[in-house]
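All letters in the sequence shown, in the order written, are residues 1 to 269 by this note's numbering.
Each hint should be verified, as a subset may be incorrect.
[Stated by the list, open to error] When the alpha-carbon atoms are kept at most 25 Å apart in a straight line, the in silico DSS-like pairs for lysine-lysine are as follows:
(1) K52 - K98
(2) K47 - K26
(3) K98 - K55
(4) K57 - K98
(5) K26 - K48
(6) K226 - K265
None of these hints come from the bench; they were simulated from the model.
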Amino acid sequence: MTVWNSNKEKNQDKDQEIESIILTDKQYTREDLLICATHGCVYAIHKKDGTKLWKTKIQSSASVISIFVTDDDRLIVGAFGKTYSLSLMSGEILWKNKMPGFGYSEVSVISTPSKILQQPPPQVSQEELDALPLPPHYEQVVEDKPIIISCSEGKAMAIDIDTGETIWTYNCPGGWYNIPVAIVEPSNWEAGRPNQLVFIGSGKWVYCLNARTGIVIWSAKVSTAKLGYDFMTLATPWSSRLVAESHSAFSQNPVAQHRAIQRSKERSA
Numbered sequence: 001m002t003v004w005n006s007n008k009e010k011n012q013d014k015d016q017e018i019e020s021i022i023l024t025d026k027q028y029t030r031e032d033l034l035i036c037a038t039h040g041c042v043y044a045i046h047k048k049d050g051t052k053l054w055k056t057k058i059q060s061s062a063s064v065i066s067i068f069v070t071d072d073d074r075l076i077v078g079a080f081g082k083t084y085s086l087s088l089m090s091g092e093i094l095w096k097n098k099m100p101g102f103g104y105s106e107v108s109v110i111s112t113p114s115k116i117l118q119q120p121p122p123q124v125s126q127e128e129l130d131a132l133p134l135p136p137h138y139e140q141v142v143e144d145k146p147i148i149i150s151c152s153e154g155k156a157m158a159i160d161i162d163t164g165e166t167i168w169t170y171n172c173p174g175g176w177y178n179i180p181v182a183i184v185e186p187s188n189w190e191a192g193r194p195n196q197l198v199f200i201g202s203g204k205w206v207y208c209l210n211a212r213t214g215i216v217i218w219s220a221k222v223s224t225a226k227l228g229y230d231f232m233t234l235a236t237p238w239s240s241r242l243v244a245e246s247h248s249a250f251s252q253n254p255v256a257q258h259r260a261i262q263r264s265k266e267r268s269a
């Protein structure tokens, strides 16, 4: 288990106007961390006693900051029309994607998993198995490079987790300027889904894309309502089970949608 000595690293990136500050000398591991984002900053808090471990200032004007922790200790942050990758242990900025054309509103961020079930072996008869010199061995889980999915202003973007470079973008038809929500679905060979999928909801439409290529598999208009706010939430049995234990998501905790309603009321006042 990796132990992080928090007094060894301080970082300030003046070019991006982002600063990461270590706030304690306490040692900690990844299992000790609770991540909190509020008032333009991201904090790491110790689960045991609430001690603040590090702080990274993202954007002072960002009213809602979305966060997602990946399997390999990257903290993905979305705010003010941009996506950032931070070190989970220190808050250091690893990269920033400015998401050109996505505006300056809230950003939803998720990641595909780093491990997926591989294709099962072909079915063979018992006689064929008996004839083999050694019993076959198949690994059930294989590595798969995660892809960051960021959404804002009716658009979706896939980002390389290592470099921060854009892989693909998708302008949701019918999504207008609503903040899309997205969930990923791992590959399932038994169900005939060999690729990881991303489901995106925006406005009155739902879209299913290949997570790695951005190719649209299907799209459907699910509502014909003429009144009401165009916010949408998505869930699957798999995503609901995971999200309850991992992070606060817009589909379960609609703070960004609530903030958008507040902003609309402020403009009309």
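What hint numbers does the structure not satisfy? When the structure is compared with the hints, only number 1 turns out to be violated.
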